[in-house]
Amino acid sequence: MTRFTAWRRRSWAGYAVVLAALVAIGAIYAGVSPATDQAQATGTQAQAADLAKGKELFNQNCASCHGLNAEGTKDAADNTIAPSLIGVGAAAVHFQITTGRMPAMTTAAQVPSKKVVAPFDDEANVTAVAEYIQSLGGGPGVPAVPEGGDVALGGKLFRTNCAQCHNFTGQGGALTEGKFAPDLMDTTPVQLYEAMLTGPQAMPVFNDTTLTPEDKAAIIAFIETTREEPNPGGAGLGRMGPVSEGLVGWVVGIGLLVFASIWITAKKPKKLKKS
1 MTRFTAWRRR SWAGYAVVLA ALVAIGAIYA GVSPATDQAQ ATGTQAQAAD
51 LAKGKELFNQ NCASCHGLNA EGTKDAADNT IAPSLIGVGA AAVHFQITTG
101 RMPAMTTAAQ VPSKKVVAPF DDEANVTAVA EYIQSLGGGP GVPAVPEGGD
151 VALGGKLFRT NCAQCHNFTG QGGALTEGKF APDLMDTTPV QLYEAMLTGP
201 QAMPVFNDTT LTPEDKAAII AFIETTREEP NPGGAGLGRM GPVSEGLVGW
251 VVGIGLLVFA SIWITAKKPK KLKKS
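The opening position of the sequence shown corresponds to residue 1 in full-length UniProt numbering, with each subsequent residue numbered one higher.
Some hints could be false.
Dumping the calculated DMTMM-like pairs for lysine to aspartate or glutamate here, alpha-carbon to alpha-carbon at most 25 Å [said to hold, decoys possible]:
(1) 55 to 123
(2) 53 to 183
(3) 115 to 214
(4) 156 to 56
(5) 53 to 75
(6) 114 to 183
(7) 156 to 208
(8) 115 to 78
(9) 114 to 214
(10) 53 to 78
(11) 55 to 150
(12) 55 to 147
(13) 156 to 75
(14) 179 to 56
(15) 156 to 131
(16) 156 to 71
Simulated restraints on C-beta separations [claimed, not checked]:
(17) 248 to 72: 16 to 26 Å
(18) 72 to 106: 32 to 42 Å
(19) 48 to 225: 22 to 32 Å
(20) 152 to 113: 40 to 50 Å
(21) 20 to 138: 19 to 29 Å
(22) 47 to 87: 13 to 23 Å
(23) 138 to 73: 47 to 57 Å
In case anyone wonders, no lab produced these hints; they're calculated from the structure.
Where is the CB? At the ideal position from N, CA and C, for every residue including glycine.
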């Protein structure tokens, strides 16, 4: 103990302790960092491979309209053929591809949804293209839909913000200039969230300031609850309530009565036989 105390009091003892600590830290770092660096390198390589795959798929299936650099294209009169995708984000790309709207097969006022075609029937290919576009200019990413949305609140928000276009039960409806609000009955929760987040085609953008993530989850919960409800009378008739039911009752019911009346009165009575 006396020898250790004497050694500790020497002028160079402090430097020796610092040197020993540095050696120990260096040895620990050398033992841990290679694994960390290797994991980071592996992650970077995988990400680069995904982006390369996404770029290849984009060039093969999207660049003919949107341009090789996703900057969009215009015709000779400077009218937009396909918009720029820089800054739209992965959510917009994922929505457009998974609903079959892209690649587009028509130049109508609004691109309708359709069956998803190859190679985008593989979710991995959709993700690769979406992440490639995300890397070009940022934008909203593919969202994770919060669970347990408030159905009652969702009904109020849907009637306030969505029903004027999509109908009170999400059946869709006509808009101006050949556009339309699509039926929401076959749309997934992620696609519903993406539509509110990105505002595809004629739809306005409902960002997280306008409708919070909880509000969006509530609207999605309302839509899912509505489309799972049975139709007590059999045919849904647009699920618009007594208006459509009354119209069908009047047209069909009164129409049948009128037809029956005409058919009965059109029959000629038989001549009475002489007794």
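Taking the hints in turn, this is what the structure says about them:
Between residue 55 and residue 123 the alpha-carbon distance is near 16 Å, which keeps this suggested pair within the 25 Å criterion. Proposed proximity of residue 53 and residue 183 is contradicted: the alpha carbons are some 33 Å apart, above 25 Å. A threshold of 25 Å between alpha carbons decides the hint, and for residue 115 with residue 214 the separation of about 30 Å lies outside it, so the pair is violated. Taking the CA atoms of residue 156 and residue 56, the gap is near 44 Å; set against the 25 Å cutoff, the hint is violated.
For the hint pairing residue 53 with residue 75, the CA-to-CA distance comes to about 29 Å; that exceeds 25 Å, so the pair is violated. Distance hint between residue 114 and residue 183 is fulfilled; the C-alpha atoms sit about 12 Å from each other, no more than 25 Å. For a cut-off of 25 Å, the pair hint linking residue 156 to residue 208 stands: about 17 Å separates their Cα positions. With a C-alpha separation of about 32 Å, the suggested pair residue 115 and residue 78 falls outside the 25 Å cut-off, and the hint is violated.
At most 25 Å may separate the alpha-carbon atoms for a hinted pair to count; residue 114 and residue 214 exceed this at roughly 30 Å. Between residue 53 and residue 78 the CA atoms are separated by roughly 32 Å; this puts the pair beyond 25 Å, and the hint is violated. Between residue 55 and residue 150 the alpha-carbon distance is near 40 Å, which puts this suggested pair outside the 25 Å criterion. A C-alpha spacing of about 33 Å is found between residue 55 and residue 147, which places the hinted pair above 25 Å, so the restraint is violated.
Taking the CA atoms of residue 156 and residue 75, the gap is near 44 Å; set against the 25 Å cutoff, the hint is violated. About 32 Å separates the Cα atoms of residue 179 and residue 56, which puts this hinted pair outside 25 Å; it is violated. At roughly 35 Å between alpha-carbon atoms, residue 156 and residue 131 are farther apart than 25 Å, so this suggested pair is violated. A C-alpha spacing of about 39 Å is found between residue 156 and residue 71, which places the hinted pair above 25 Å, so the restraint is violated.
A C-beta distance of roughly 46 Å is found between residue 248 and residue 72, which places it outside the suggested range of 16 to 26 Å. Taken as a hint, the range 32 to 42 Å is violated for the pair residue 72 and residue 106, whose Cβ atoms sit roughly 18 Å apart. Distance hint check: the CB atoms of residue 48 and residue 225 are about 43 Å apart, inconsistent with the given range 22 to 32 Å. In this structure the supplied range 40 to 50 Å is violated for residue 152 paired with residue 113, their Cβ-Cβ distance being about 29 Å.
Look at residue 20 against residue 138: about 48 Å separates their beta carbons, and that is not inside 19 to 29 Å. Against the hinted window of 13 to 23 Å, the Cβ-Cβ separation of residue 47 and residue 87 comes to about 20 Å, which satisfies the hint. Between residue 138 and residue 73 the CB atoms are about 22 Å apart, so this pair departs from the stated range of 47 to 57 Å.
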